[in-house]
Amino acid sequence: LAKTTQPISMDSYEGQEVNITCSHNNIATNDYITWYQQFPSQGPRFIIQGYKTKVTNEVASLFIPADRKSSTLSLPRVSLSDTAVYYCLVDDDTGRRALTFGSGTRLQVQP
Amino acid sequence: GAVVSQHPSWVICKSGTSVKIECRSLDFQATTMFWYRQFPKQSLMLMATSNEGSKATYEQGVEKDKFLINHASLTLSTLTVTSAHPEDSSFYICSARNFLDRESYEQYFGPGTRLTVT
Numbered sequence: 003l004a005k006t007t008q009p010i011s012m013d014s015y016e017g018q019e020v021n022i023t024c025s026h027n028n029i030a031t032n033d034y035i036t037w038y039q040q041f042p043s044q045g046p047r048f049i050i051q052g053y054k055t056k057v058t059n060e061v062a063s064l065f066i067p068a069d070r071k072s073s074t075l076s077l078p079r080v081s082l083s084d085t086a087v088y089y090c091l092v093d094d095d096t097g098r099r100a101l102t103f104g105s106g107t108r109l110q111v112q113p
Numbered sequence: 431g432a433v434v435s436q437h438p439s440w441v442i443c444k445s446g447t448s449v450k451i452e453c454r455s456l457d458f459q460a461t462t463m464f465w466y467r468q469f470p471k472q473s474l475m476l477m478a479t480s481n482e483g484s485k486a487t488y489e490q491g492v493e494k495d496k497f498l499i500n501h502a503s504l505t506l507s508t509l510t511v512t513s514a515h516p517e518d519s520s521f522y523i524c525s526a527r528n529f530l531d532r533e534s535y536e537q538y539f540g541p542g543t544r545l546t547v548t
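Chains as they are written, first to last, in my numbering: chain A, 3 to 113; chain B, 431 to 548.
Each hint should be verified, as a subset may be incorrect.
As the list claims (entries may be wrong) - Each pair of labels, with its calculated beta carbon distance range:
1. P42/A - I442/B: 35 to 45 angstroms
2. Q459/B - T58/A: 41 to 51 angstroms
3. S83/A - D457/B: 40 to 50 angstroms
4. S448/B - T74/A: 26 to 36 angstroms
5. E60/A - D495/B: 41 to 51 angstroms
6. K56/A - S513/B: 27 to 37 angstroms
7. S503/B - N59/A: 29 to 39 angstroms
8. F469/B - R47/A: 29 to 39 angstroms
9. Q44/A - D457/B: 27 to 37 angstroms
10. G17/A - S473/B: 22 to 32 angstroms
Source of the hints: derived by calculation from the structure; they are not laboratory data. All values derive from a computational prediction rather than experimental measurement. Yeah, the Cβ is synthetic: ideal placement off N, Cα and C, and Gly gets one too.
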């Protein structure tokens, strides 16, 4: 099970782009990279998932280099409501394994 | 997207009593559900994997006799905290996958249940 490492916290201002990088050196061939967002006293919410290169959806982009040993979640033009904890997780392609949460990155967006 | 609900959203109980928390997948069937526990300012810790029609699989250090899990149907798993103590006070979160969705491995999380033991 690949361990993930990400910064404990980050600060940003409204309107800026935020990039959160996660390392997963031992990622396996059949592993996917998934990011979740969690607000206080709520369950985590799926943001984006990818296997390689770049994935983009309506809320974020995920950049994965060729070696897949790291990934970067990019949040364009953050707002105050993006203040949350962001978790990077590695999951296999069976979809049957429980997720192992690391410490996550606490993003604080200032006005 | 798929929805997972939990009931109750919060509960306060006295030491020594038991509390049941329900986790339901509202619009899909979940043969497997997961139970997590989260203490303040900490990450989610997996407690157990709940399998429909069979015994749950508990993580190391989680007492199976204290945290009873029942997954009696494809849409419902329950976690019962027996003989609760103040140290069991935590945020309990369940999750489930829609294994029929071949295009996504997204795990859907419930809103969580805040348990306070006095």
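Taking the hints in turn, this is what the structure says about them:
1. P42/A - I442/B: 35 to 45 angstroms: Taking Cβ atoms as reference, P42/A and I442/B lie about 19 angstroms apart, which means the hint is violated.
2. Q459/B - T58/A: 41 to 51 angstroms: violated, 31 angstroms
3. S83/A - D457/B: 40 to 50 angstroms: violated, 26 angstroms
4. S448/B - T74/A: 26 to 36 angstroms: Given range 26 to 36 angstroms: violated, Cβ gap about 45 angstroms.
5. E60/A - D495/B: 41 to 51 angstroms: The hint (41 to 51 angstroms, Cβ to Cβ) holds, given that E60/A and D495/B are roughly 46 angstroms apart.
6. K56/A - S513/B: 27 to 37 angstroms: Violated, at about 51 angstroms.
7. S503/B - N59/A: 29 to 39 angstroms: Between S503/B and N59/A, where Cβ atoms are some 33 angstroms apart, the hint holds.
8. F469/B - R47/A: 29 to 39 angstroms: violated, 20 angstroms
9. Q44/A - D457/B: 27 to 37 angstroms: Once the Cβ atoms are compared, 20 angstroms apart, the range 27 to 37 angstroms for D457/B and Q44/A is violated.
10. G17/A - S473/B: 22 to 32 angstroms: Check passed, 29 angstroms falls within 22 to 32 angstroms.
When the structure is compared with the earlier hints, violations turn up for hints 1, 2, 3, 4, 6, 8 and 9 and for no others.
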